[in-house]
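A.B. asks: Below are the chains, spelled out letter by letter.
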Amino acid sequence: MNNTTKILLAGVAIGAVAIGAYYYLNQSKDGGAGDVAASTPAIIYDLGGKFDKSFNESAYNGANGWSEKTGNAFREFEIANDAQREQSLRKFASSGSNPVVVAGFSWAAALTKVAAEFPDTNFAIIDMVVDAPNVRSVVFNEHEGSYLVGALAAMKSETGKIGFVGGMDIPLIHKFYCGYAQGAVAVNPDIELFENYTGTTPAAWNDPVTAGELAKASFNKGADIIYAAAGGSGLGVLQAAADMGKLSIGVDSNQNYLQPGSVLTSMLKQVDVAVANAFTDGTTGTWTSGFNVMGLANGGVGWSLDEYNKDLISDEMKAKVEELSAKIISGEIVVHDYTSDSTCPVG
Amino acid sequence: MEIFNNIIFLLDSMIRLTVPLLLAALAGLYSERSGVFDIGLEGKMLAGAFGAAVVAYLSGNMWLGMFAGMGIGIVMALIHGIASITFRGNQIIAGVAINFLAAGLTVFLGQSWFKQGGRTPALPEGGRFLAIDLPFADALKDVPIVGGIYSELISGHNIIVYIAFAMVPFTYWLLFKTRFGLRLRATGENPKAVDTAGVNVNFMRYKAVLICGALTGLAGSYLSIALSAGFGLNMTAGMGFIALAALIFAKWRPWYVLWATLLFGFLNAAQIRLQGVELPYIGEVPVQAIQALPYILTVVLLAGFIGKAVGPKAGGIPYVKER
Numbered sequence: 003m004n005n006t007t008k009i010l011l012a013g014v015a016i017g018a019v020a021i022g023a024y025y026y027l028n029q030s031k032d033g034g035a036g037d038v039a040a041s042t043p044a045i046i047y048d049l050g051g052k053f054d055k056s057f058n059e060s061a062y063n064g065a066n067g068w069s070e071k072t073g074n075a076f077r078e079f080e081i082a083n084d085a086q087r088e089q090s091l092r093k094f095a096s097s098g099s100n101p102v103v104v105a106g107f108s109w110a111a112a113l114t115k116v117a118a119e120f121p122d123t124n125f126a127i128i129d130m131v132v133d134a135p136n137v138r139s140v141v142f143n144e145h146e147g148s149y150l151v152g153a154l155a156a157m158k159s160e161t162g163k164i165g166f167v168g169g170m171d172i173p174l175i176h177k178f179y180c181g182y183a184q185g186a187v188a189v190n191p192d193i194e195l196f197e198n199y200t201g202t203t204p205a206a207w208n209d210p211v212t213a214g215e216l217a218k219a220s221f222n223k224g225a226d227i228i229y230a231a232a233g234g235s236g237l238g239v240l241q242a243a244a245d246m247g248k249l250s251i252g253v254d255s256n257q258n259y260l261q262p263g264s265v266l267t268s269m270l271k272q273v274d275v276a277v278a279n280a281f282t283d284g285t286t287g288t289w290t291s292g293f294n295v296m297g298l299a300n301g302g303v304g305w306s307l308d309e310y311n312k313d314l315i316s317d318e319m320k321a322k323v324e325e326l327s328a329k330i331i332s333g334e335i336v337v338h339d340y341t342s343d344s345t346c347p348v349g
Numbered sequence: 269m270e271i272f273n274n275i276i277f278l279l280d281s282m283i284r285l286t287v288p289l290l291l292a293a294l295a296g297l298y299s300e301r302s303g304v305f306d307i308g309l310e311g312k313m314l315a316g317a318f319g320a321a322v323v324a325y326l327s328g329n330m331w332l333g334m335f336a337g338m339g340i341g342i343v344m345a346l347i348h349g350i351a352s353i354t355f356r357g358n359q360i361i362a363g364v365a366i367n368f369l370a371a372g373l374t375v376f377l378g379q380s381w382f383k384q385g386g387r388t389p390a391l392p393e394g395g396r397f398l399a400i401d402l403p404f405a406d407a408l409k410d411v412p413i414v415g416g417i418y419s420e421l422i423s424g425h426n427i428i429v430y431i432a433f434a435m436v437p438f439t440y441w442l443l444f445k446t447r448f449g450l451r452l453r454a455t456g457e458n459p460k461a462v463d464t465a466g467v468n469v470n471f472m473r474y475k476a477v478l479i480c481g482a483l484t485g486l487a488g489s490y491l492s493i494a495l496s497a498g499f500g501l502n503m504t505a506g507m508g509f510i511a512l513a514a515l516i517f518a519k520w521r522p523w524y525v526l527w528a529t530l531l532f533g534f535l536n537a538a539q540i541r542l543q544g545v546e547l548p549y550i551g552e553v554p555v556q557a558i559q560a561l562p563y564i565l566t567v568v569l570l571a572g573f574i575g576k577a578v579g580p581k582a583g584g585i586p587y588v589k590e591r
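From first to last, the protein sequence lines are chains Y and V.
Residues are numbered in our numbering as their position in the first sequence, beginning at 1, plus a constant of 2.
Residues are numbered in our numbering as their position in the second sequence, beginning at 1, plus a constant of 268.
Honestly, the hints are just simulated from the structure, not real lab data.
Any given hint could turn out to be false.
Claimed, not checked - Heads up, simulated DSSO-like pairs for lysine-lysine below, C-alpha to C-alpha not over 30 Å straight-line:
#: 1; chain 1: V; residue 1: Lys475; chain 2: V; residue 2: Lys460
#: 2; chain 1: V; residue 1: Lys460; chain 2: V; residue 2: Lys576
#: 3; chain 1: V; residue 1: Lys409; chain 2: Y; residue 2: Lys248
#: 4; chain 1: V; residue 1: Lys475; chain 2: V; residue 2: Lys576
#: 5; chain 1: Y; residue 1: Lys248; chain 2: Y; residue 2: Lys320
#: 6; chain 1: V; residue 1: Lys475; chain 2: V; residue 2: Lys589
#: 7; chain 1: Y; residue 1: Lys322; chain 2: Y; residue 2: Lys223
#: 8; chain 1: V; residue 1: Lys460; chain 2: V; residue 2: Lys589
#: 9; chain 1: V; residue 1: Lys576; chain 2: V; residue 2: Lys519
#: 10; chain 1: Y; residue 1: Lys93; chain 2: V; residue 2: Lys383
#: 11; chain 1: Y; residue 1: Lys158; chain 2: V; residue 2: Lys409
#: 12; chain 1: V; residue 1: Lys475; chain 2: V; residue 2: Lys519
#: 13; chain 1: Y; residue 1: Lys163; chain 2: V; residue 2: Lys409
#: 14; chain 1: Y; residue 1: Lys223; chain 2: Y; residue 2: Lys163
#: 15; chain 1: Y; residue 1: Lys71; chain 2: V; residue 2: Lys383
#: 16; chain 1: Y; residue 1: Lys223; chain 2: V; residue 2: Lys409
Could you put the whole structure together from the sequences, leaning on the hints where they help?
C.D. replies: Below you can see the structure in the form of structure tokens.
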């Protein structure tokens with residue numbers, strides 16, 4: 003093979019990869035009905051990946067549910083690294099997708115920039131606030147939901163020690179921990195809490211081995227329930243709890259079924275509802291930009307009870323949590339939000 | 269007693285985290301001692317982890333899973349061998365290609381087969397290696413010190429852990445006490461002499477590379493069907509490269525490999541266990557500082573303490589019979 007042929011072949015190979023990448027970026031989800039229309043909504047997931055059984059999967063379920071209900075297609079993309087954020091946003095916006103929903107706080111910088119470039123396109127961001135006239139910022143009161151599962155954990159714990167394994171060490175995840183700690187202390191002032199984070203880079207969302215080791219460390223120290231707010235890494239915590247005969251608490255999606263009998267409950271964060279709402283509003287002309295808070299009061303957060311964990315939750319526990327829930331909704335209990343001042347009153 | 273228990277748990281965690289590094293570093297030892305540099309340990313581990321998880325999931329049999337993992341490792345090693353031994357390609361580049369191939373193929377196949385974003389489904393009953401209790405572990409549990417060490421630290425791991433540690437003396441015996449080992453080492457030092465003695469250099473290197481593939485596959489199997497219960501995206505997370513560092517650190521010697529990987533395993537375990545712990549005189553150390561610890565120590569140890577690490581003389585050079 004002479005050199006010219008080699009260069010030619012290399013060129014062909016690079017070309018093939020480039021074309022493949024182009025079509026990959028362009029690909030659309032065929033959600034039932036035919037071609038992708040001009041104002042097809044789009045969703046872009048975060049680094050955890052579409053099927054993380056947690057946050058991103060919940061976003062996907064929302065989009066998919068909307069598609070099944072309306073019969074319309076939507077477009078979607080999973081980024082593989084941070085550099086693709088702006089690129090993919092611009093790609094969807096310039097090809098006429100409307101609205102474009104991005105799942106995850108890491109999108110803020112890219113969205114701020116791209117939203118200004120496409121004033122006629124509506125965007126929605128979940129878990130972060132971007133102040134622009136065409137952006138809807140959906141935030142969840144995770145501290146309220148975490149408060150409830152914290153109370154459940156404290157009531158269920160026999161050792162008086164409970165743990166927490168977070169994903170990336172960022173204020174948003176401290177918000178989960180802080181709510182959890184407040185709920186636990188509310189029902190048992192003497193509770194001992196262990197707080198851990200899987201890492202300090204986005205890779206911490208997808209590192210079940212480290213998260214599992216962190217969980218084992220806390221179990222060794224006497225904890226008997228661990229709350230995993232760690233995206234894909236949380237699967238390692240759930241596995242460790244099941245292996246050691248302890249309990250875990252899932253997050254974002256209902257994860258009770260993943261390790262039946264070992265997941266005490268899951269802190270539900272209805273990302274799916276937020277995504278479906280954005281798709282519906284954006285395609286039917288009822289779009290509103292601005293701040294959108296999903297809390298306990300409007301069903302944005304909650305805790306799960308199904309056939310997999312009903313034997314773990316006593317009637318007494320259930321009644322207590324419902325009482326706390328009602329008090330939060332009525333404003334009698336105010337759960338402190340860590341992100342408001344970066345401090346936590348307990349734990 | 270509290271402190272003693274904490275130390276035992278720390279060492280227990282160290283053992284769990286050392287095993288993949290140990291197996292991968294020993295794998296690299298065979299390959300590099302025969303004169304084939306292998307930067308593709310990471311990729312072979314990843315491919316092995318994927319193969320093991322897929323077969324263990326489909327068959328529900330952990331042993332089939334493990335052998336599949338080793339088989340995939342061998343196939344990947346064969347690709348590396350063909351490229352760098354038969355076709356005399358650059359060994360480093362072939363290794364990098366293996367890494368890319370594994371990272372891409374596992375996700376692609378995983379997604380098209382299981383539609384879970386490259387993850388494999390959770391393993392069924394029997395698809396996973398569980399902890400085994402050594403004899404008398406229960407009886408000795410309450411004996412102070414000895415009970416803690418024996419019942420917690422030595423007993424209660426899965427079978428691959430014991431295989432991994434047994435591989436160290438076995439590797440030492442094979443490489444330094446047998447004719448096969450002498451030939452393998454000579455191939456890495458002076459292939460011309462080996463050839464003159466009537467031994468087929470390329471065949472020798474193939475054998476070494478295939479052993480390497482089987483061991484990396486075993487390391488991958490450990491990750492996906494023993495330590496975790498399923499394959500996750502890029503689950504080796506750089507362990508292959510750390511194993512490579514440990515191998516150089518250990519100057520390509522089996523027992524040193526054990527100590528080097530135990531050190532890395534210990535740092536990793538300490539990093540996890542030290543989170544949120546109050547240390548005497550220092551107080552609580554920030555998570556970031558603790559997580560950087562293994563890397564800082566690696567740099568310091570590699571740069572300052574081990575002296576000159578000289579690899580096999582013929583390493584990296586494809587053997588050409590006649591010029």
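A.B. asks: So which of those numbered hints doesn't the model satisfy?
C.D. replies: Of the numbered hints given earlier, the structure breaks none, since each of them holds.
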